[in-house]
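Dock chain B against chain A, hints included.
Protein chains in written order, with UniProt numbering: chain A, 1 to 334; chain B, 1 to 349.
Note that these hints are calculated values from the structure, not bench results.
Keep in mind that a hint or two might mislead.
As the list claims (entries may be wrong) - Derived list of chain A stretches under chain B, where covered just means 3 residues or more per stretch with a C-beta under 8 Å from a C-beta of chain B: (1) 188–199; (2) 226–237; (3) 253–266; (4) 271–277.
Unchecked claim - From chain A, some residues computed to sit far from chain B (all C-beta separations above 10 Å): (5) E59; (6) L75; (7) A306.
As the list claims (entries may be wrong) - Which residues of chain B face chain A? A few of them, derived with a C-beta cut under 7 Å, are: (8) E43; (9) S44; (10) G158; (11) I187; (12) I215; (13) E220; (14) V258; (15) R260; (16) L268; (17) R274; (18) E335; (19) T337.
For each residue, glycine too, the CB sits at the ideal point set by N, CA and C.
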Amino acid sequence: MTTVSTAQAGTAPKPAPPLLEVDDLVVHFEGRRRQQPIRAVDGVSLGIGRGETLGLIGESGSGKSTIGRAVLGLLRPKAGAVRFEGEDPWTQPGRRRRELRRRMQVVFQDPHEALDPRMTVEQSVAEPLLMTGVRRPERLRRAADLLERVGLGDAHRYRRPHELSGGQKQRVNIARALASDPDLIVCDESVSALDVSIQAEILNLLVDLQDERGLSYLFISHDISVVAHLSHRVTVLYLGMVMESGAVGAVVDRPAHPYTRALLAAQPRALPSYLRTERREVLRGDIPSPAAPPSGCRFRTRCPFARDRCAQEIPAVRELEPGRTVACHFAEQL
Amino acid sequence: MTETLLDVRNLSLYLDTPDGDVQILDDVSFTVERSTTVGMIGESGSGKSMTALAVLGLLPPRARVTGEIRFRGTDLLAMSRAELARLRGTGISMIFQEPMTALDPVFTIGQQISQVLRSHRRVTRREAREKTIEMLDAVGIPDPARRSGEYPHQLSGGMRQRAMIAMALIGEPELLIADEPTTAVDITIQAQLLDLLETLGRERGTSIMLISHDIGVVAELCRRVVVLYAGQVVEATTTDALLERPGHPYTSGLMWAVPRLGTRRQRLHAIRGRVPQPDQLPTGCRFRPRCDFAVPECAEPIALAPVGDGGPEHDVRCRRADELDLPGLVHDGAEATVENAPVVQGSGS
Numbered sequence: 001m002t003t004v005s006t007a008q009a010g011t012a013p014k015p016a017p018p019l020l021e022v023d024d025l026v027v028h029f030e031g032r033r034r035q036q037p038i039r040a041v042d043g044v045s046l047g048i049g050r051g052e053t054l055g056l057i058g059e060s061g062s063g064k065s066t067i068g069r070a071v072l073g074l075l076r077p078k079a080g081a082v083r084f085e086g087e088d089p090w091t092q093p094g095r096r097r098r099e100l101r102r103r104m105q106v107v108f109q110d111p112h113e114a115l116d117p118r119m120t121v122e123q124s125v126a127e128p129l130l131m132t133g134v135r136r137p138e139r140l141r142r143a144a145d146l147l148e149r150v151g152l153g154d155a156h157r158y159r160r161p162h163e164l165s166g167g168q169k170q171r172v173n174i175a176r177a178l179a180s181d182p183d184l185i186v187c188d189e190s191v192s193a194l195d196v197s198i199q200a201e202i203l204n205l206l207v208d209l210q211d212e213r214g215l216s217y218l219f220i221s222h223d224i225s226v227v228a229h230l231s232h233r234v235t236v237l238y239l240g241m242v243m244e245s246g247a248v249g250a251v252v253d254r255p256a257h258p259y260t261r262a263l264l265a266a267q268p269r270a271l272p273s274y275l276r277t278e279r280r281e282v283l284r285g286d287i288p289s290p291a292a293p294p295s296g297c298r299f300r301t302r303c304p305f306a307r308d309r310c311a312q313e314i315p316a317v318r319e320l321e322p323g324r325t326v327a328c329h330f331a332e333q334l
Numbered sequence: 001m002t003e004t005l006l007d008v009r010n011l012s013l014y015l016d017t018p019d020g021d022v023q024i025l026d027d028v029s030f031t032v033e034r035s036t037t038v039g040m041i042g043e044s045g046s047g048k049s050m051t052a053l054a055v056l057g058l059l060p061p062r063a064r065v066t067g068e069i070r071f072r073g074t075d076l077l078a079m080s081r082a083e084l085a086r087l088r089g090t091g092i093s094m095i096f097q098e099p100m101t102a103l104d105p106v107f108t109i110g111q112q113i114s115q116v117l118r119s120h121r122r123v124t125r126r127e128a129r130e131k132t133i134e135m136l137d138a139v140g141i142p143d144p145a146r147r148s149g150e151y152p153h154q155l156s157g158g159m160r161q162r163a164m165i166a167m168a169l170i171g172e173p174e175l176l177i178a179d180e181p182t183t184a185v186d187i188t189i190q191a192q193l194l195d196l197l198e199t200l201g202r203e204r205g206t207s208i209m210l211i212s213h214d215i216g217v218v219a220e221l222c223r224r225v226v227v228l229y230a231g232q233v234v235e236a237t238t239t240d241a242l243l244e245r246p247g248h249p250y251t252s253g254l255m256w257a258v259p260r261l262g263t264r265r266q267r268l269h270a271i272r273g274r275v276p277q278p279d280q281l282p283t284g285c286r287f288r289p290r291c292d293f294a295v296p297e298c299a300e301p302i303a304l305a306p307v308g309d310g311g312p313e314h315d316v317r318c319r320r321a322d323e324l325d326l327p328g329l330v331h332d333g334a335e336a337t338v339e340n341a342p343v344v345q346g347s348g349s
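Extracted from the complex, chain B is given alone in its bound form:
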């Protein structure tokens, strides 16, 4: 029933720097099924945005990649520039955190969206204009005919984000990559945009890969989650399973680091230390120096592998995944509170 749309296999990415090659992504593998939503969670430096750029073939020239990025079965890494350009917009589209990076200030939003359509499909100006207005309407821009004649600076932040979504979807892509699409907007606007993405994804059958640092945002929209840490996938499973029983100490730690409406001044679980620089990675598990559960064997390399009780859909990169019982955000069938959470070994403030 499910069909794999995007299949990233053993993707590694190196950047050429004055000090030699630095590895940014290491053996990243994940899939996005057709008409589904996948979240990618990670902090700064985890490699989540680089993964997105690799999928779009938009890496900087000094980047070198190995592995495979299969889209509808074809390896994107083997494609020519022209083939990739054709794919972007009609196969895969992307939206960014800051719409002004994607919108050109000197053209009206209508011109820009029509231009995208006309570069991919044989349509007349008039048809392109009609389609554009339809699209602006679909993304919830009021009075779309008038708005299409406005310049990006005339729109509010939320409206610009909608315009960018319209531009990304006008070519009817099968996969939409959204990189922190709601990070720069207000919370009531974020709720609107998440609703919009959910509706558009469902109605059009568009797969969505949502990149975010916010586990709550991912939980709102995505059925599956991939957790990245220091350039590696450390956990991948369904959102429900992740929130119930995270398999990796990093994932569980992240959940308990975030203040929630009920955490009132109680001690948050701070993950000690910081994300390692790509040229100063520890041997073995990359989370090891910050992990409360590390044992000497963790210095040995460790692969992403299925966990025992998680079923085939739960992969974790931790050698102690089967024996650890890490706290998730669900306790006795309800939201876990600090009181009923199993003790997370503390770390300094």
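Just chain A, with the same shape it has in the complex:
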């Protein structure tokens, strides 16, 4: 007994591998003939632990949705890997690949588009179970339980999508994602199309489900407040590259990258005039096209602190403090 415990104490606790690892991911989209491919994701690494929410923050062209699709296996990376519990589904035989994919589900932005208009709510939720060999009575029982859990009672079971509101449809999509008993759900702008009062309900539901089931979320949204609300950690992306990542509190309260600072400053604040402090600095210019990104640091063309070095050298993603990374040559001096 004693020897065992000593041995345990002696070896450093081996950190459990994250549930999901994205390692130096590169995704290109071929452009029209003779055009350069669009480098939608260009060397992004991130990890999500069990029961954790990682939020992806970024504007158009940041690659956040593309990362979500690559994670789900809907896109094949040009380089790098997506590993689920250490296994890359693309390198696994079909059966194993499908099993890994089953454990990653998705809830998209448009709750209507994601549902088959001819199916009842119950059929939509039970459908994913068809592949698992579960018998029909059991499938329907599980579908009913899931619908109950997402707040849709028996009255909704036999309705079709057109008879439901946007919020109800998104509940069906969440129940459908849960039907496969996933470990990870990719939420790609899942609450963006909903009115704020409905959005609040769905966000509360997502938090509850995560706490109950130990789910992990890859949460993608253009709305920084929504991402910050739901995430434990966040990664800030710009034109396919990581600018900064870390615990949500650290990133939001002490942004290290000029782009993160600008994003937070641009956030509209529901505050009366006398609580609005200094005039916020507004970022100039447009987001460059991902087909022709700037040399060096991709943010330099809009960065108020850019210097010569920024045009020549792509800043490495480096650790600022444990669990906190930034990709800016001058992060410490800002």
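Chain B only, in chain A's frame:
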């Protein structure tokens, strides 16, 4: 000192449907003073866009309106089509969420903006072209002379929005109605556009009526706010007063439904139920079935009325407005956090 530019009085709007008349707006009244900014907040189905279209005289043919829409003292509802057409562009202009709905893909933006100017003012082609380039410059489009020769698809979303603002302002209107102008653009571009609207409004003395679902966006730009719910004005006051001490349970509920940078996974105040369909409105207060503070008397009709401590500038459509102390987003002179907010009675997730 202040002069009322737009005075909407008891505006009601009905749509003719196969199932009979459906009332979309009910007794909507508000004013926009000259050289000021007014925000109109509401969720889908609140009637905010219909209000804007009514002011512009752009309602669908199956719409019927009652009440008055006075602009510089003249009732727009009594105007002929020709008079209204003359007013649009030089008196009142509008910008939309999606610029491609307002821009014609087969003409250059310069042609389109000049055309607006030439249809309202007697100017030569050359003058119109010069004015257009000036205007494009004023809305922050770089290299405006070259850009004026480009087609809408050649511009980024933010630049198209600027081009639409230029087109709306070229006729020097006194009132600009902006319907969700920043909803479809990225956040850093939204900040640019809000700054631009603020600057243009101030420099040109243009009044702005900003329609948005986002209370933060309205707070950035507007001095006054009108809150719409299910086709009725439920609250109208200054932005500061609204954020400090909302008078209507719906307004307060909306504020606490929105996640903010500091709300970290804490429970959001979800307003239970959903906005009623226009043909299934509850009697009395329309928010009653979703309200945590409803009492049996709320089933009686209720008018928009001044609240006690809000001064003459705070109107609320709630019979309990004077007795309720609803949480706003200010607490002890600072931004309220979930911890220090007075308890909002919860509702199911």
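Here is how each hint holds up against the structure:
1. Counting residues of the region 188–199 of chain A whose C-beta sits closer than 8 Å to any C-beta of chain B gives 5, which meets the bar of three, so the coverage hint holds.
2. Counting residues of the region 226–237 of chain A whose beta carbon lies closer than 8 Å to any beta carbon of chain B gives 4, which meets the minimum of three for the stated coverage.
3. By the rule of at least three residues with a Cβ nearer than 8 Å to a Cβ of chain B, the coverage given for the region 253–266 of chain A holds, with 5 such residues.
4. For the region 271–277 of chain A, the proposed coverage by chain B is satisfied: 5 residues have a C-beta within less than 8 Å of a C-beta in that chain, meeting the threshold of three.
5. Non-interface call for E59/A relative to chain B: violated, since the shortest CB-CB distance, roughly 4 Å, does not exceed 10 Å.
6. In this structure L75/A is separated from chain B by more than 10 Å, as the shortest Cβ-Cβ distance comes to about 23 Å.
7. Listed as a non-interface residue, A306/A keeps its Cβ farther than 10 Å from every Cβ of chain B; the least gap is roughly 16 Å.
8. A least Cβ separation of about 4 Å between E43/B and chain A falls short of the 7 Å threshold, and the interface hint therefore holds.
9. With 7 Å as the threshold, the beta carbon of S44/B comes within range of chain A, its nearest partner Cβ sitting at about 5 Å, so the hint holds.
10. Proximity of G158/B to chain A holds as hinted, the smallest CB-CB distance being about 6 Å (cut-off 7 Å).
11. Hint status for I187/B relative to chain A: holds, with the closest Cβ pair at about 5 Å, below 7 Å.
12. Look at I215/B: its Cβ gets to within about 5 Å of chain A, closer than 7 Å, so that hint holds up.
13. Look at E220/B: its Cβ gets to within about 5 Å of chain A, closer than 7 Å, so that hint holds up.
14. Contact between V258/B and chain A, as hinted, is supported at the beta carbon level, the nearest pair being about 5 Å apart and thus within 7 Å.
15. Taken as an interface hint, R260/B checks out: its beta carbon lies about 5 Å from the nearest beta carbon of chain A, inside 7 Å.
16. The criterion of a C-beta within 7 Å of any C-beta in chain A is met by L268/B, whose closest approach is roughly 4 Å, and the hint holds.
17. Hint status for R274/B: holds, given a least beta-carbon distance of 6 Å to chain A, under 7 Å.
18. Among the interface hints, the one on E335/B holds; its C-beta lies about 6 Å from the nearest C-beta in chain A, closer than the 7 Å criterion.
19. Because the closest C-beta pair between T337/B and chain A is about 13 Å apart, greater than 7 Å, the hint is violated.
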